[in-house]
Amino acid sequence: MQMKRTLLSIFFFLQISGVVYTKFSPVDYFGWVPYDEISFYEIEVIINSEKLSLSQITDRYNLPNPGRENRSIFHVFSQISQYERSYGMSDSAQVKVIFRVNGKEKETWNY
Amino acid sequence: MELLNTGKRQSGRYLNPNRLLFVARMLVLYLILISGKKHILPPFLPFFSFLDIFREFSWLFPLIDWVYWISLAAILMGFKFQKFSFILSILIFFQILSSKGQYSTSFLYVGCMFFLIGLFQPGLEWTFRLQIALLYLGAGLNKLIDVDWLSGQYFENFIINVYPNSLNLTLASWVGERLFAQLISYMVIVFELILGLWALSGKKQALLVFCIICFHLSVLIFTYGKLSFIYLYLMSITSLLVIPFSLEPNQVFSFIKGNMPIIK
Chain A
1 MQMKRTLLSI
11 FFFLQISGVV
21 YTKFSPVDYF
31 GWVPYDEISF
41 YEIEVIINSE
51 KLSLSQITDR
61 YNLPNPGREN
71 RSIFHVFSQI
81 SQYERSYGMS
91 DSAQVKVIFR
101 VNGKEKETWN
111 Y
Chain B
112 MELLNTGKRQ
122 SGRYLNPNRL
132 LFVARMLVLY
142 LILISGKKHI
152 LPPFLPFFSF
162 LDIFREFSWL
172 FPLIDWVYWI
182 SLAAILMGFK
192 FQKFSFILSI
202 LIFFQILSSK
212 GQYSTSFLYV
222 GCMFFLIGLF
232 QPGLEWTFRL
242 QIALLYLGAG
252 LNKLIDVDWL
262 SGQYFENFII
272 NVYPNSLNLT
282 LASWVGERLF
292 AQLISYMVIV
302 FELILGLWAL
312 SGKKQALLVF
322 CIICFHLSVL
332 IFTYGKLSFI
342 YLYLMSITSL
352 LVIPFSLEPN
362 QVFSFIKGNM
372 PIIK
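So the protein sequences, as listed, match chains A and B. Numbered per our numbering, the first sequence spans residues 1 to 111. Numbered per our numbering, the second sequence spans residues 112 to 375.
Chain B with its partners taken away, still in its complex shape (with noise of 0.2 Å):
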């Protein structure tokens, strides 16, 4: 494992790899267990045309599930894990574009994680705070310049049709649908774009960690259960890595000697 064999030491805190190597088992979980992920399957309405090429060769799909699969396992077991994540990432980035009906944001969401686990030595931890600031900003900010969201329409429509439940429903008693909405609105606004640029801050991360899984907790909560599992479950997993994390004294050992750590 070449993790902190390769980069200079900076600050003397570096991300655990072992925490990298959990948070892609997890990863991997939510591929098989939770979106139920099990075959790469033949571009139908890709994002390029070119990518209909690959229709035409209906025996290379049996080969890339087996490599999709050999890439789990091979994270699951700890085997070379960067270099699987790698694979998995590319892999997963083809069926996103090679079908339009594939795309979500929590698929698109691993599929970058994976990409950044893969390509991840000391000295780039920057980027997965960078890929978290990303998606709460990107999220906040369309919002933000959303005509249904400032005035409240999207979560009147959201706690009377969509999630109706007792307890958004009473709370919107309490004011009135519209306004209660509205406040609901501007505070998610406010939380994701604060919970982007807190990550892009580096500041306080072991609490921004508190506060995504907070947030989305709330939103679980707040819809009893039918919203917002999957991106606590992903978020709670891939915001660990935004903690740094000092060297195992056995890990420095390794370090200084020029030994491999070992990677359970």
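If we strip away everything but chain A, and leave its shape as in the complex, we get (with noise of 0.2 Å):
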């Protein structure tokens, strides 16, 4: 029983730990905050002067292109630098996103 209450212990102090950190970052990982922001974008990639198709780049990033994300945009922007600063880092590739968070004005992110 010792055992199994250290370990709700850690396993609720995580949890509430996620709570508290996501109110102060733009992230929403282990917030419990489903569809709490909408957001739709677009990506594109350009590696050696060349533009990757819509199907290149969902395969790249494992995300939907156009896509939509229903929790932080800021999710999308994570795999992306993730991305290029991993897997795809040899390939020095330049990033845009056009996004649109709540039906508000158009933005641009760039990596």
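Since the hints were made in silico from the structure, they are not lab data. We treat Cβ as the ideally placed atom computed from N, Cα and C, and that holds for glycine. Among the hints, a few may not be true.
Okay, derived cross-link-like pairs now, DSS-like style, lysine-lysine, Cα gap no bigger than 25 Å in a straight line [to be verified]:
hint : chain 1 : residue 1 : chain 2 : residue 2
1    : A       : 4         : B       : 191
2    : B       : 149       : B       : 194
3    : B       : 337       : A       : 104
Selected chain B positions facing chain A (Cβ under 10 Å, derived; list incomplete) [as the list claims (entries may be wrong)]:
hint : residue
4    : 219
5    : 247
6    : 261
Combine the two chains into a complex, taking the hints into account.
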């Protein structure tokens, strides 16, 4: 029982930390925030002056393109920048995300 | 089944182990039929970069798949379902942590519920209430500090661009789109916070379950069935775990005698 209580304490502590952390962070992972922000986006990628097709981009980041993000648009940025810093580092890709959060004006994010 | 033999009797009201198994089975059905999670995939963009190591061991994933499917089958058959629920929760946590693309709130919630079912024993009924409370309080608090929720921007976009339908457009035309959107926003925030605090309180839990179902059902109606089906399913099922339940007479007998109650 003691072991279970310890495990449960850690388990709930991590969740509470996640909830608190997401309140001060643009990313919403592990904060129990489903459908709190709806963003539509389109990703453009250029590698060696060549533009990738929509399906190539989908395969590259495992993200639908064009797509919709139901939590935070920063999740999309997070996945793209992590990919470009790791698996795709040698490609030196130029990435542009055109997005619209909650129906507001279009914005652009560049990597 | 050790459920009723280990804990101390505190109030004479225990979670019925058959209900625990029922919920576990329904969560398995969610994984297979609704979310379509049929494999544990190799890491891709993990939350912790060290998990990328597992990409090197491609032979490992068919093996993990076997464990995944054996766990699902064991739970469906009621065979050591708590142990397999725990194993399944670890696999789900691994899947989420090793691939950002696999993250979804509902998938994580299912993992958490399997984890709690796996560790459950009498005296730990509060864990389910705390889990449900965290879900609603996390959601409610996030909306409470979100400018787009407070201004009505989120729901205005929701009604006009994302889920337009004759019901919400008619309602919006009565009071104006922005005011209607604000009203809905505040209602959702208040409702989620109340549900979270109510779950924590542990009082009138059967009524709480009814309100949870009504809440998700209303979202489903509001969007003409396009949103909240998954949450309606998950919350209807898992909220059953917060209702205290007296022991059945035959289980009380088993408890006194120290026998194993039969779980079908």
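Hints, verified against the model:
{"no.": "1", "hint": "A:4 with B:191", "verdict": "17 Å, holds"}
{"no.": "2", "hint": "B:149 with B:194", "verdict": "20 Å, holds"}
{"no.": "3", "hint": "B:337 with A:104", "verdict": "22 Å, holds"}
{"no.": "4", "hint": "219", "verdict": "7 Å, holds"}
{"no.": "5", "hint": "247", "verdict": "8 Å, holds"}
{"no.": "6", "hint": "261", "verdict": "12 Å, violated"}
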